[in-house]
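What follows is each chain in one-letter form.
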Amino acid sequence: MTEASTNMRLKLPVVCFILEIILIILFGVLVEYDYETDAKKWHSKNHSDYENDFYFRYPSFQDVHVMIFIGFGFLMTFLQRYGFSSVGFNFLIAAFALQWATLMQGFFHGMHEGKIHIGVESMINADFCTGSVLISFGAVLGKTSPIQLLVMALFEVILFAVNEFVLLSVLGARDAGGSMTIHTFGAYFGLVVARVLYRPNLDKSKHRNSSVYHSDLFAMIGTIYLWMFWPSFNSAITAHGDDQHRTAMNTYYSLAACTLATYGMSALTAHDGKLDMVHIQNAALAGGVAAGTAGEMMLTPFGSMIVGFLAGIISVLGFKFLSPILEEKLKIQDTCGVHNLHGMPGVLGAIVGAVTAALATSDIYGEGMADVFPDVASGDVEASFQGLRQAISLAVTLGIALLGGLIVGFIMKLPVFGAPPDTICYEDSVYWEVPGDEEGHDDQLTTVVSAECEKLNG
Amino acid sequence: MTEASTNMRLKLPVVCFILEIILIILFGVLVEYDYETDAKKWHSKNHSDYENDFYFRYPSFQDVHVMIFIGFGFLMTFLQRYGFSSVGFNFLIAAFALQWATLMQGFFHGMHEGKIHIGVESMINADFCTGSVLISFGAVLGKTSPIQLLVMALFEVILFAVNEFVLLSVLGARDAGGSMTIHTFGAYFGLVVARVLYRPNLDKSKHRNSSVYHSDLFAMIGTIYLWMFWPSFNSAITAHGDDQHRTAMNTYYSLAACTLATYGMSALTAHDGKLDMVHIQNAALAGGVAAGTAGEMMLTPFGSMIVGFLAGIISVLGFKFLSPILEEKLKIQDTCGVHNLHGMPGVLGAIVGAVTAALATSDIYGEGMADVFPDVASGDVEASFQGLRQAISLAVTLGIALLGGLIVGFIMKLPVFGAPPDTICYEDSVYWEVPGDEEGHDDQLTTVVSAECEKLNG
Amino acid sequence: MTEASTNMRLKLPVVCFILEIILIILFGVLVEYDYETDAKKWHSKNHSDYENDFYFRYPSFQDVHVMIFIGFGFLMTFLQRYGFSSVGFNFLIAAFALQWATLMQGFFHGMHEGKIHIGVESMINADFCTGSVLISFGAVLGKTSPIQLLVMALFEVILFAVNEFVLLSVLGARDAGGSMTIHTFGAYFGLVVARVLYRPNLDKSKHRNSSVYHSDLFAMIGTIYLWMFWPSFNSAITAHGDDQHRTAMNTYYSLAACTLATYGMSALTAHDGKLDMVHIQNAALAGGVAAGTAGEMMLTPFGSMIVGFLAGIISVLGFKFLSPILEEKLKIQDTCGVHNLHGMPGVLGAIVGAVTAALATSDIYGEGMADVFPDVASGDVEASFQGLRQAISLAVTLGIALLGGLIVGFIMKLPVFGAPPDTICYEDSVYWEVPGDEEGHDDQLTTVVSAECEKLNG
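Residue numbers (our numbering), protein chains in the order written: chain S, 453 to 910; chain P, 453 to 910; chain D, 453 to 910.
Treat the hints with care, as some may be off.
The list treats identical chains as interchangeable, and a pair is accepted whether it falls inside one copy or across any two copies.
Straight-line alpha carbon distances no greater than 25 angstroms define the calculated SDA-like cross-link-like pairs of lysine to any residue that follow [what the hints assert, rightly or not]: (1) K463 with P873; (2) K493 with H692; (3) K656 with G888; (4) K497 with H692; (5) K658 with L782; (6) K772 with L850; (7) K567 with L482; (8) K493 with T813; (9) K772 with L654; (10) K772 with V664; (11) K783 with P652; (12) K492 with G839; (13) K497 with G562; (14) K658 with E885; (15) K865 with P465; (16) K567 with I474; (17) K492 with E503; (18) K492 with F754; (19) K492 with G818; (20) K463 with I474; (21) K493 with V807; (22) K783 with Y650; (23) K493 with F754; (24) K772 with N459; (25) K783 with N661; (26) K497 with A691; (27) K772 with I473; (28) K463 with E885; (29) K865 with P776.
These aren't lab readings, by the way, just hints derived from the structure by calculation.
Based on the provided sequences and hints, a complete structural model is requested.
In structure tokens:
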């Protein structure tokens, strides 16, 4: 029974320490300051301090950082007894993934004489990759141990970097806000993992797979931060100047339109015409996902609003009609509904990106074409071919995500990582010392869980 | 009875969809990227990327954005059973208002060959206008349906844009942080609406019109974010360079002084010498409101601190002595006390602005006069006349707010918008699917409310 | 008995008003806009607006501001019945301290013809000094009245400014992120104050000196904000360009490595292999503290990660093994464990800074040496001597903190400041009007506390 033990006393320290020590060694061997962070290199040339990329990107980086740690972390606190794990495991796997992503992305983005050069842009990219892992986390929330999550992050980061490399460097696709690389990839990867980890007896924990009043308010902190900072997310690594400016604005309007669609659809589809917090917490964000690829293009606010509006509608409909089917027919127990927030809106965003790219003309972009579609600007390809590249990229992303999720899911299923039993999913006290709540009435529950854990841990 | 039904199944979707589709069409017809967001235009001239207005204003924009969605949203979660509505309706009407404001302000700020040009500055202005609507929301919190709120936003945005146009373009007043345009306008507009919507039997919901321990903590998230980012709010659209710098600093010191005044006054006036959360949550912010007009001027930290100190005192006294009078004598049921946080401090800020403007000399401002008082710098008017303009602007603002609120209040009173009955005000479960809390003890309440709703919707 | 009364009706207003009025007068006499915030001065020379220091530092300032008011404030809400006081007293003493620090630091940093010049950098420095006071607040949390805290802030700010002056101006040490000036100073100052205020009968309030489920989630808001924005904290006042860029990045990696160490150590040392929220909330931040001095140096990400990794280990071990000893043997009741989060990691950071400084070569720093070690760059001192200066600075900091804390502790112990009795420590209702919680079941507790307070206040 030892293999199935949820006790983390040795397993978690061993995994954390080995991973971190390997990271430190690899950083020591492979990583260097880039031109703009190195004292000697930066001062070796003549330029003004305000030209340092730090000032162009650091505010956006911090907004992205808030989305990763507060946004994703608190969005998932909606479960009544899983707040510690939602914020806490989010924190742990993000802290690991951003280090690991620095190495993997650095490796694929091109080494410099055997070294990976890092600066604010690589920090943003590492956070982006981390975001993808956290999306997958949402699909398996409540049903996995922290070690399983670290294992997932370990492999998903590699596959993310491979997919990103294929899309951006091999296929020459554009995806600044990551509709494909981040959202579609993270969602479908996570859904396949959830499928592999299917628990037929999960209804034993059903009473905990829901929110309470305060947990929904905590979750709204996550939602609102994601919503507010999504313009920074999509624009964080676009070209300086008009590109960052335009991307942020397109995303802003896409989200606003999405929000009205979400409220309308929620009242329309929910019980008794009442608004459903699940929709508001999630679907209102779909407009950010869907503007991830085309946001940097000349989508116009008009186009952005249409995209956001559609994304909101699709997302609520997904929660209402598709999620039950996924669970019952396809046996995908998608805790947070990432298919509705990241999966379908990500695919929508990829399609919108392909169409918008195919319609690009130098009449619209002028000299700015070189920033958005360098290959079109240089005459290497036609705009329509750029659109085709984008469409192929979506297919590649889906393929790598589905195949990768399948393999990684089976690795995660190995009975050595301390997954919780079906009876105590969605429950913090499996992995956390949990204080009573104000009433002390949870002592009973804690006792039950403790007994169960002890039995498991033999 | 159908007209009075609180059921939103058809009403809310219809309103949301019609509003959003009209917005999308109007954006398609009227809105264009401005010079700094358009790929072609920006690249048609020779300049450096760091000159793009995005880098001067986007960090401030994001701070303002946080104030609008987190600040206002969570500040209003202090009510024990109205957290979903506070954050959720705040979210909905803000998402609508910022789109609508883009059009209205674009129309009044001057079209370019029939087109509205938008960029980061228009985004900030749209958020500002939204802030005004949310202030009015505070006055009627808990007593209105989401449709009533959208109707209010629809008209208030128009009147805001008219008032702003009269003040800034016709009268030539200065009001960068919106003591008049945002706070005075939003507060008095909302107070008149609250007067028109007066409910003589509101005491039937009195037990819910108060906070609980955790709801006060959630509200403090809103308060602290508003407090911290107010320097960004007041400086967001001031001139580049010393102006943004000075405005942020003046506001910072005004708020700090206001906070000490608030704590002192709260202990002095509250029961048993104990601090009152209502004061801390609200009055400590009055220093930001009161520095809204004069913040960009050479007010000096010394002057700012005096202003903030007075604002804190006035605000606490308002909560203690004036709010009960407003409610009992004037029949204004001001849920959040917006008169104390935005009304009186806004008027104070307008007066301080008028006096500070009247005292401006080129000896103090030097060449910087052109940024703050262009008409004085150009010699068109005397500083004293600029002060007069400011004073007249206050009167105009009060006039438009009072008259506008009266008309819009009566529109909102039409019995078709699904307002809640007196017995279930300040209650989320009228419009939201509300989970139980940890105890399940609220099932009884939910049952009662559901029964009442069904009766209404019969 | 009047001296010991916890009733704040007169005391708190008198203290707040006197302090604020003195501040206002001193600001009126002593403070002026600096070159970059003054309309006349800024416009008197020819330069571009983007050269204004505002654009280099204001985003970092706002991040620091969030750490001070949300980060510290909410981190301390972990106590079950002390959330109002944690956020609220944090707010009060921070608002006071930042004004007072502006004066004290301005005085020591050098007056200009009898005037203190202020701008965004002085605002950051004021927030830094405030941070130090809030660290000390953590050591005495729950056992002090707001007046005691204001008294502590009053004196601690002076001593902070003296220590900072000695370190940076007399000894020529470098400490951009304040491992010594902020963390080591604040922690040991606070610990000595806690020692002087030792309460042998504090176990009478022991049942309140712990968290509940929701209070731990609120505390995580504080933790995550501190964690995310620490890169901005350490880089906020470093030199423009590569220095800010590098410091932020070093801190980012230090924190990430620290987080993995923390989770590993927490599972290893805590009961039953379960994670302990106290560790996650605090130890995961030690990596930011420990990178405070060396962060701006060429520490490399590799070095930063080692430092963060060690800091996390030390911090968890401190919570597990050292805190009980401090309490039982040394009679230091350190409520928040500031010794583990700020004390030891601060000392570690100081040592790392000394070593890194001693190893500096022009081969590594190139022309950038002048930014980081101006005295070494100018040839005035050897790098090894700079390392020695750093080490001496640590000793000086410890000396001033310990001696200062001793004196200030005794001042705070004077029985006129309204400290709570041993029986009602860690309890909001001593100083706040507290609403019931959802159940109303706290009415009983409130009644007990009220009775006790009334007895005291006779």
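Against the structure, the hints come out as follows:
no.	hint	result
1	K463 with P873	within (17 angstroms within a copy, 45 angstroms between copies)
2	K493 with H692	both (22 angstroms within a copy, 15 angstroms between copies)
3	K656 with G888	both (23 angstroms within a copy, 20 angstroms between copies)
4	K497 with H692	both (21 angstroms within a copy, 15 angstroms between copies)
5	K658 with L782	within (18 angstroms within a copy, 49 angstroms between copies)
6	K772 with L850	within (24 angstroms within a copy, 47 angstroms between copies)
7	K567 with L482	within (5 angstroms within a copy, 51 angstroms between copies)
8	K493 with T813	between (39 angstroms within a copy, 14 angstroms between copies)
9	K772 with L654	within (20 angstroms within a copy, 36 angstroms between copies)
10	K772 with V664	within (20 angstroms within a copy, 33 angstroms between copies)
11	K783 with P652	within (8 angstroms within a copy, 55 angstroms between copies)
12	K492 with G839	between (42 angstroms within a copy, 20 angstroms between copies)
13	K497 with G562	within (23 angstroms within a copy, 33 angstroms between copies)
14	K658 with E885	both (22 angstroms within a copy, 18 angstroms between copies)
15	K865 with P465	within (20 angstroms within a copy, 44 angstroms between copies)
16	K567 with I474	within (17 angstroms within a copy, 54 angstroms between copies)
17	K492 with E503	both (16 angstroms within a copy, 23 angstroms between copies)
18	K492 with F754	between (47 angstroms within a copy, 18 angstroms between copies)
19	K492 with G818	between (38 angstroms within a copy, 4 angstroms between copies)
20	K463 with I474	within (17 angstroms within a copy, 58 angstroms between copies)
21	K493 with V807	between (42 angstroms within a copy, 23 angstroms between copies)
22	K783 with Y650	within (6 angstroms within a copy, 53 angstroms between copies)
23	K493 with F754	between (44 angstroms within a copy, 18 angstroms between copies)
24	K772 with N459	between (37 angstroms within a copy, 19 angstroms between copies)
25	K783 with N661	within (16 angstroms within a copy, 45 angstroms between copies)
26	K497 with A691	both (22 angstroms within a copy, 17 angstroms between copies)
27	K772 with I473	between (45 angstroms within a copy, 23 angstroms between copies)
28	K463 with E885	within (17 angstroms within a copy, 41 angstroms between copies)
29	K865 with P776	within (24 angstroms within a copy, 41 angstroms between copies)
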